[in-house]
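Chains as they are written, first to last, in our numbering: chain Z, 1313 to 1751; chain E, 1313 to 1751; chain Y, 1313 to 1751; chain S, 1313 to 1751.
Among the hints, a few may not be true.
Copies of the same chain are indistinguishable here, so a pair counts whether it falls within one copy or spans any two.
[Unchecked claim] Simulated crosslink set (EDC-like; lysine to aspartate or glutamate; CA at most 20 Å straight-line):
{"id": "1", "residue 1": "1408", "residue 2": "1635"}
{"id": "2", "residue 1": "1607", "residue 2": "1500"}
{"id": "3", "residue 1": "1553", "residue 2": "1747"}
{"id": "4", "residue 1": "1636", "residue 2": "1411"}
{"id": "5", "residue 1": "1607", "residue 2": "1335"}
{"id": "6", "residue 1": "1607", "residue 2": "1327"}
{"id": "7", "residue 1": "1419", "residue 2": "1327"}
{"id": "8", "residue 1": "1496", "residue 2": "1509"}
{"id": "9", "residue 1": "1383", "residue 2": "1393"}
Simulated from the structure, these hints should not be mistaken for lab results.
The primary structure of each chain is shown beneath.
There are 4 protein chains.
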Amino acid sequence: MTTTTNAADPSATTDIFARRESEARSYCRGFPVTFVKARGARLFDSEGRGYIDFLAGCSSLNYGHNDPDMKRALVDHITGDGVAHGLDMHTDAKAKFLETFERLILKPRGMDHRVQFTGPTGANAVEAAMKLARKVTGRRNIISFTNGFHGVTAGALSCTGNSHHRGGAGSGPLCGTSRMPFDKAFGDDIDTLHQIEVMLDNPSSGIDAPAAFLLEVVQGEGGLNAASMEWVQGIEKLARKHGALLIVDDIQAGVGRTGGFFSFDKMGINPDLVPMAKSLSGMGLPFACLLVRPKHDIWTPAEHNGTFRGNNHAFVTATVALEKFWSDDSFATDVAEKALLLERRLQRIAKIVPGGRLKGRGMMRGVDVGSGELASEICGECFRNGLIIETSGAHGEVVKVLAPLTIDTALFREGLDIVEAAAAKIVARETEAAEMAAA
Amino acid sequence: MTTTTNAADPSATTDIFARRESEARSYCRGFPVTFVKARGARLFDSEGRGYIDFLAGCSSLNYGHNDPDMKRALVDHITGDGVAHGLDMHTDAKAKFLETFERLILKPRGMDHRVQFTGPTGANAVEAAMKLARKVTGRRNIISFTNGFHGVTAGALSCTGNSHHRGGAGSGPLCGTSRMPFDKAFGDDIDTLHQIEVMLDNPSSGIDAPAAFLLEVVQGEGGLNAASMEWVQGIEKLARKHGALLIVDDIQAGVGRTGGFFSFDKMGINPDLVPMAKSLSGMGLPFACLLVRPKHDIWTPAEHNGTFRGNNHAFVTATVALEKFWSDDSFATDVAEKALLLERRLQRIAKIVPGGRLKGRGMMRGVDVGSGELASEICGECFRNGLIIETSGAHGEVVKVLAPLTIDTALFREGLDIVEAAAAKIVARETEAAEMAAA
Amino acid sequence: MTTTTNAADPSATTDIFARRESEARSYCRGFPVTFVKARGARLFDSEGRGYIDFLAGCSSLNYGHNDPDMKRALVDHITGDGVAHGLDMHTDAKAKFLETFERLILKPRGMDHRVQFTGPTGANAVEAAMKLARKVTGRRNIISFTNGFHGVTAGALSCTGNSHHRGGAGSGPLCGTSRMPFDKAFGDDIDTLHQIEVMLDNPSSGIDAPAAFLLEVVQGEGGLNAASMEWVQGIEKLARKHGALLIVDDIQAGVGRTGGFFSFDKMGINPDLVPMAKSLSGMGLPFACLLVRPKHDIWTPAEHNGTFRGNNHAFVTATVALEKFWSDDSFATDVAEKALLLERRLQRIAKIVPGGRLKGRGMMRGVDVGSGELASEICGECFRNGLIIETSGAHGEVVKVLAPLTIDTALFREGLDIVEAAAAKIVARETEAAEMAAA
Amino acid sequence: MTTTTNAADPSATTDIFARRESEARSYCRGFPVTFVKARGARLFDSEGRGYIDFLAGCSSLNYGHNDPDMKRALVDHITGDGVAHGLDMHTDAKAKFLETFERLILKPRGMDHRVQFTGPTGANAVEAAMKLARKVTGRRNIISFTNGFHGVTAGALSCTGNSHHRGGAGSGPLCGTSRMPFDKAFGDDIDTLHQIEVMLDNPSSGIDAPAAFLLEVVQGEGGLNAASMEWVQGIEKLARKHGALLIVDDIQAGVGRTGGFFSFDKMGINPDLVPMAKSLSGMGLPFACLLVRPKHDIWTPAEHNGTFRGNNHAFVTATVALEKFWSDDSFATDVAEKALLLERRLQRIAKIVPGGRLKGRGMMRGVDVGSGELASEICGECFRNGLIIETSGAHGEVVKVLAPLTIDTALFREGLDIVEAAAAKIVARETEAAEMAAA
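Isolated chain Z (complex conformation) (with noise of 0.2 Å):
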């Protein structure tokens, strides 16, 4: 593969960049190029050089970049006049959209969701579903958890657990929430689903009466912490006896991330609200909607609106990533396939880093390395030896697998040889410095 010729001059790219973009940029401080092209699990470079994406965008590219059906479907909407923008009217991409949605995903798990357009940012579908199920209840007590990542606007964030986020806010309020621990949030012993329910049937617990409650199945910025099957029907239960809706936050963790297209197929509970975005349109463009069951669908016209709701563009992509990837059961068994090479080779690497944890579920793992300082330098070798990779976790103590779904397993298996040689490599530096002050 060879170097791109559109790149701007870096030494300049990166001027403007210190000169005119804030502080608050994030990303681009680890990984200090600029990137011109992409390609399923590959990124480009202004230099040319090629990285392998193991970040896909925060799960935001579960099907790799730039597909090339994808790109060919947007390619002809946009040269056919197709509309771009347009607000939640009727359109056939629209149209076509939720035909193959209902066809493909919701009809075969027996779901009677309706789908709602919001604006297209995960936070803005959760902030969505809070409104909605305070609406529903008339209750105010959305309970939340440990490790939990909802977003950053001020109804998201006020369920986030992230304190790095949540300080962001300055001194403003994020109230209305109660925060309860996630499965095994106190070790394998703890059963956390019992002290939840006693906190919930103790009438002076103060918890008040809850809304909803918010979770994601598999908690991905707070460090690959996957519920069980057994908590997560515990805790529908919960809200069934509590007068409270459940909002599974399928964000990061759906589309096929876990496996099943939501991280809770086969989990045996029916969530009245979904929040979904990232993956969503396939392409990685800006989209997000709300799945609510029928019966909770008691929003009056434009009460939650936004002027992005319904991305035309990504209707046309996410139509397409369906009819390819889920018309059948090939694409799952071949990312359980995966899934399965993924556990092994972190197994693997687990154990080469002292107290090394394996984390996570389906192709959202990784392996906590116990501290975010070794986490962050093992990340930092591999983006030197050609891998975009990140940390998660409360102090980023996770090396965060997201691979790109797609990727084929040649590749997959080159870039997991970056991270097991950088782990090898880092260990054995940090164990020498330790010998050598020990001695």
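Given the coordinates of chain Z, assemble chains E, Y and S onto it according to the supplied hints.
Showing chains E, Y and S alone in chain Z's frame:
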């Protein structure tokens, strides 16, 4: 222009929306057809019927639909595997946008602002602004204004006036804000600026020291209320005096809509924070940013983050838009001429309607027809005659013209003829009905 | 007048306060002596010096100190082992108070209100009122007014205007309230009632549907601002129109202070809820209640509770006070005469001070002297001359006379002479200083 | 002891309460008589019937009713025109109280705390503590505990667990607090201290940095849950580690109730803030204060104020109480003996009730009888037999003994006999009913 051929069967199409789209859907109720194509100032439905677009995606399509130069650049970008989704990593597309925005927009105005790419919705940029103002000042109170609209996520919603949208929050908490009367909120004779000053100077007024004032220079959703330069300058002065930031929400009024690129051009103010969205991408793609004066840019990396911050497709089209329309004064001159035409025509229409009043500024104009019912009937009649137009204002009492700024004059007149005829017809019918009732 | 003999060594006394009393202490700083005795309108310090009391416990001692009839009844109650603390159990003392209050106060005014004995502070009664209004209406927003003072616990404080007190909440949340301008808050020419109506009628004003309006008819701490009857009636009408309750906080202005028993007597309104405290016990004992119209009395048992609700000592003295002062019109007539005297004398004083303005109503009167510094110096001079008097207003700019209503006319004149002399002296000194500075 | 003669006609008495007292009234429903006299551990109703008082004003009457020495001092004070109401001005009574409190309570314990006289309710002292903790730390979050009770004004209520009381806030905002499990909230096997530590150490737990921990060492209303010394010390350590203040609410458990003057005596902790009320006056008079470590005493004058802060009658009786009961160890020794007797007797009663469990510590003891219905029936049977006693706990499942600490042993036994007989009778009846139902 003729009928499109790729339309889905309209009956089935309608079916899927009713069956699977949330009750929150809105515009599609007023315009119950399925759109399949759009170019310039025209939309086409699945039966091939064309409509003049005086809605322009609520000012998201200031340059019209599917501008050929933007289309070409976007298709080239896609075809060449340009990055579609890159989180906030550096890309050549982002660099070009920043450079162009700096050169054509910021520098000529002496603005030293940095650009924060927030989640791609206006509400997200507003939430970022509110958080940053609170972080910078260590205060909580954001002062917003009657009839202001800033979005419907919890933070933005706490500053939005509309009770319909606020009601959507259920029993959720909307707090940390104070509400003040906008310019002329109590009529032309009352100096609301003075009243706000009295409130803020009074240590017993109960208005906590403000972190920021958040305002639109021309209120779009609130009824096309245009603040005077004196009033806006007075608010800035008040903000400075009380150690608060000035946030000008230029989401609907910006990008040429009122004549200059910013709605506050030539007003002699220098807002600390400017949320932008809607027409920023040029082509209606989801895209938003917050302009931040460098001294306030105290974000830590990713403190305010979001998966779709920095939409690369939008970088591409926005750059084309800036180059095409803002390299020199010709576009602004053209818009000013159309604005004059619009003013004259709407004054004529205002005279047709008993008590009709001209509202707004530039190409963000409308007629207050006195009641939401009347406004709604006029818009309905327009739609039957091939024109898409909507109402605004607290009671929906304003017939609002948001034509693409690029509309050619002949078509613009054609559309205004439809509005005038509709107003005349509906008013005549109402008068007749009133006379019959009186007889 | 003779020296008291049971005084502690004053130097040691002062020591203990500095050593062990919190910095929150306040009045003792302006009146740095130790008081040991009090009778009628006089206080005596540990050195035997007497002071005329124009503070009257901030209107808690409308009948003066240690009324002999109340003393006798209380001593009999204590001596006879009458219940001192009975939670909210029935006692004979409570029954007698209720019967007397019903017979002498409620029935003659046609008021069907019930009495809720809240915790024995005005703030507690206000908190109960706010909670009940929210419970009754299912709404959250309480509208309070500029310069209103309702107490400093979190709920009451959210309705209190004073920034000094609000600041005491640290970064705590004060929310769920809206602030409106009081009568004449913007001067005599501006009809704030109309503005409030415009705000409430405007569904996009951002003011949520109110649970209640909470107001003082005469604002005590806020600067002796007296609302007109028209304005108060207008607020009641507005409350009815918008389905909100009317709460009149009569804690400082009630119990005869403005002439009638209630400050709203003869105003033609019927408040839904009336928090009372301060002079209600008659003898300065901690005692508060909330008057509640029966239709709003939807409390469940103990839903709002408190250990000291229903102070039986206060029941005893309050009953005596009601019988002694409110059995016929003679007390009210006497108060009216003193109020006239007060008005004339304060008008004279107002003329002494450049820009001086008479404030207040009835025996709740003062002079706005233009600045807190000046007012403070006048009060200091009064104290040096044996008169206890304090300031009020947002800037402490009002010299406030709150003499016991029972003060005999000669002593009242003596006190007013002291105020007048102090005003004259301080103003002369200021004028002289200004002239010297100008020379 | 014989019938009182000054009773009002009971039928009329009852009438007035029904007619004019709010539905919020509570204890009078369980004890539907009118009390007219009280002495020591006995109350007498209007028909002359005597009752043993195992309620003691919810621990406000730890020294019994109408202690003769306190009566005498108070009557002398009143007769001699001692100051009754003095706002927060210096008085001899206040000086004496402070000196005595310093000498007998603070100094012997090495406590350097200052005394803030808040409004005379426990809730007011709690509100002051919450505000001060937020002011000192600049943080908002107050961590409170399951089953905690701290009062029902908005701030205090946000820390109170009981849903009945919280529900009384209507749709009002209770925010800025987090809830944690109290010691043994999940049973004896679960170390909640560890869990709280895990939550606080986890930067993604969603628990904001705390301004303070607010706890009762023995929870009174919450069911007589006594925290272990280890747990309390652990919370203090956690508070220190996280820069938070430790607030021990000693309103119900203090003033000798658990043995020492403070409930935390000999626990090896040094709370930053200690709200006190209830028995502090000694005679049941409204009186509260906040103990504040000097370094946190950053209040500005009157920042937290209140009309009845510093009740001079209470200063007088409280001083007598301190001198009489806390000059040496004899009272504490006596209380310890009674506590032992109580423990033995309640253990016996606990055995009578299937599943019965002893709760509490010192003279703050009770039996968890498993259900609120059963507890309520036992208390009802006690009342019919001349004993006043109430329930506590989240479900009202604890029969709670709060006898005056000064009760003589014979009367104490008599009262306990009544409880035991009532428990036996009700349990037998229940068992019989169950057997008949089964038959």
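Hints, verified against the model:
1. Taking the shortest alpha-carbon separations for residue 1408 and residue 1635, only the intra-copy value of 11 Å comes in at or below 20 Å, while the best inter-copy value is 35 Å.
2. When the C-alpha separation of residue 1607 and residue 1500 is checked against a cutoff of 20 Å, the pair qualifies neither within a copy, at 37 Å, nor between copies, at 43 Å.
3. For the homomeric pair residue 1553 and residue 1747, neither the shortest alpha-carbon distance inside one copy (56 Å) nor that between copies (31 Å) is at most 20 Å.
4. With identical chains, the CA atoms of residue 1636 and residue 1411 are at most 20 Å apart within one copy only, with a shortest distance of 15 Å there and 38 Å across copies.
5. When the C-alpha separation of residue 1607 and residue 1335 is checked against a cutoff of 20 Å, the pair qualifies only between copies, where the shortest distance is 11 Å, while the shortest distance within a copy is 44 Å.
6. For the identical chains of this complex, residue 1607 and residue 1327 are inter-copy neighbours only, at 18 Å across copies versus 53 Å inside a copy, given an alpha-carbon limit of 20 Å.
7. Within a single copy, residue 1419 and residue 1327 get their C-alpha atoms only as close as 51 Å, which misses the 20 Å cut-off; across copies the closest is 16 Å, which meets it.
8. When the C-alpha separation of residue 1496 and residue 1509 is checked against a cutoff of 20 Å, the pair qualifies both within a copy, at 15 Å, and between copies, at 15 Å.
9. Both within a single protomer and between protomers do residue 1383 and residue 1393 lie at most 20 Å apart by alpha-carbon distance, with minima of 15 Å and 9 Å respectively.
Hints 2 and 3 from the earlier list are contradicted by this structure; the remaining hints agree with it.
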